[in-house]
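> Please take these sequences and the hints and turn them into a complete structure.
Those sequence lines, one after another, are chains E and C.
Note that this note's numbering gives residue 42 to position 42 of the first sequence, counting from 1, and the numbers run on in steps of one.
Note that this note's numbering gives residue 367 to position 367 of the second sequence, counting from 1, and the numbers run on in steps of one.
No lab work stands behind these hints, which were simulated from the structure alone.
Glycine included, C-beta positions come from ideal geometry on N, C-alpha and C.
All the pointers check out, no bait thrown in.
A few chain C residues that face chain E, going by a derived Cβ cut-off under 8 Å, partial list only:
| hint | residue |
| --- | --- |
| 1 | 3 |
| 2 | 262 |
| 3 | 265 |
| 4 | 271 |
| 5 | 278 |
| 6 | 281 |
| 7 | 363 |
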Amino acid sequence: MALTGRAALVAALGIVVVLIAPDPVLAVAGVCLLLAAAIVLDLALAGSVRPLVFHRSGDTVVRLGQTATVDLVVENPGKRRVRGVLRDAWAPSAGAWPRSQAVDVPPGERRRYSVVLTPVRRGDRRSEAVTVRSLGPLGLAARQGGHSSPWSVRVLPPFLSRKHLPSRLARLRELDGQHPALVRGQGTEFDSLREYVAGDDVRSIDWRATARRNDVVVRTWRPERDRRVLIVLDTGRTSAGRVGSAPIPLAGARPAAGAGGGLLIDPGPLPAPGWPRLDWSMDAALLLAALAARAGDRVDFLAYDRSVRAWLSGASKTELLPSLVNVMAPIEAELIEADGPGMVAAVLSRARHRCLVVLLTDLNSASLEEGLMPVLGQLSSRHLLLVAAVSDPRVTAMAGLHGSAEQVYDAAAAERAMADRRRVTARLRRHGVEVVDAVPEEFAPALADAYLALKSQGRL
Amino acid sequence: MTTSTSPTTRGIWRSLRAPLLVGVLLVVAATIGVLLSGGAREARYLDPDDTSLSGGKALAQLLRARGVTVDRVDSVDAALRLSGDRLILVTGNVYHDDMDRLGGDLLIDAGSPYLEDLAPEVRRDLDGARVRSREPECDLPAARAAGSVFLGGSPLSGPGGSVGCYPSPDGPTLLTYAVSGRTVTVVGDMQFMTNMRLDEDGNAALALNLASSKSAVTWLVNPPADEGGPVGGDKSIYDLMSPNVGWGVVMALIALLVTIVWRSRRLGPVVVEKLPVVVRAAESVEGHGGLYRARRARDRAAAALRAGMLARVLPRLGLTVDSGADAVVSAIAVRTGQDPHLVGAALYGPPPADDGALVGLAGYLDHLERQISER
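Laid out in structure tokens, this is it:
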């Protein structure tokens, strides 16, 4: 049951009646009884909410930053018209709009209403409940009831770095020998013999084959294929830190008004936090996976902090990207220290053949030196390891500010952080580990370039 | 397919019965309490119907037991309608117009504002004597028979021929005299007649002696409070308002209740969500800087700045980290044209003495780095 503003208005008008009535006691009783009777009548005549049936249809997946539409068909098998308000209650970060809408379903009919979702973070967003408030004919009172009509929309990572894919694919074709300017492929696998055409590198002429035939024959090369790439995503605490500026604002990207916790002094304009390292890493992983799949390599994916958060293996070339975004969607950064030895063990147990292990983490000296460094040898002896990390442009900016004493102290701390990072990088490189360290916006292309470089050197 | 999640009637009854029970118990307890208190009313000073401590019902009962008629009146008109030879008893601060029209014997409190009208011969000194037990010390039979009485209040002085009893240092507190055929008795204070004081000393005796001088007593009390009397100026604003206003407030409260019910009913549940923590990655570095600042760790800050600058500059100079300090200083001095001592002090000198020196050092290192990278 619910009352409306009209009932409150009637009660307020009752005040005037009581003030001018000759017998105020009788007037109060009369107004109250009249109002109560009207409310009861209204409730009795309002369309029943309980027998309503809801059917859903619409989008089940949406990329972050885009909108999804979910339709809700309301069927009224009751005898009275259901007229009132409907609210499809989604979690706040689903960005459902409108919050509530008017419904009018005649008896025995059905009507379609839609809700537009603009999610502000990854993961599964669910509709918690559908609430209908059915007004009576007088508009004084309404019946209200809730229904559970489950529907879930999976919000996928946006894969913004796909704009870099065409240029990297062009580089790949260059390596592949499909490019018009055919140079001896920097790849290392012998592909086939074909007739010499003007412009071919004379060094690629296969003299033995030429001797067997009357024509000059050249060898063609192609980059190595069917290699394995294992992308390992570190979802531990270091991946929660937000860096850069968010290309798509996430939930919590803007500090809510009054978030200062009642501070009297304005803490000053804090830079809006960007995306978590995890999301930048996912973006780069998606570009790498798309590129590697085109290059004919097998891509596996593992997300790990202290246990396996996600594992994707053996996806076909066409299915890889959809299944990868699907697996990535619900992953959130866990506020626990990543377990380096556990991660290495998980990788070793899953990758039996030699493969390129791309570890997306942070070059945090404390966590890397305690977690990963001691067990790095096991991994780098059997596999080619590439550690990729997003650097924080704010730290670089802090190191350059020398205006006041406060800024100089901050700059010193930033210099120290950067020195730690350099030290960790140098140590990793000494172990034969490739390291990619780039600012957020350039991270995905930098990782793709590092992959292409390894491929061209035939080191996979 | 969907399922309704609305509560059923049985569920509503089950969840409501406990609060309902508590409410019913509260109402019952309140009703019993009101019944037991016997309708607590405002105490009316020396009212013959009032049973409270300051009331006068005990005296009225005693008078009636002695065969004296006691008539309680609350207006002068009602008093005038009563015929016969009567004693008029005026208690406390009674407000009436036309009091001077009253005839007959008079027993009045000296605190009455109409003393000048009713007994113009009496002079009083308001609250000039403490109320306490006093001896009669006079020839008035009523007083002598009664003995000591709880009296005081205003010391009085009257015309010639008046009899004063129960003297205080400033004068008697009971005065009686005859004027134009009637007896006027003024007492400085009437507390001795109240239910509380009546059984002390000779209070009851004096009160009875004074009041039963005639066969009937007209007991003039305050008019009812809620009746708009002619003396409107002394009424509170609530007495002047129409009774409709009170009920209008009740109706307003009901309207407020309806509004509360209207606004408080939510359209569906509050949806809660587990949100990820929002933490900027640079926060740890900022905290580190704050620690340096709090501890004034100029040595560490300077070392970090120097190391950072050298790490960026050394590859440009073709030197490595292992190069000696002298080689680095001379290379930088040659490249920038700066004084080698200055460069050496900036790179390998003692930590800065104060914050200003630290800022200066940072600026100088910046300057060197820019010069090296520009060439």
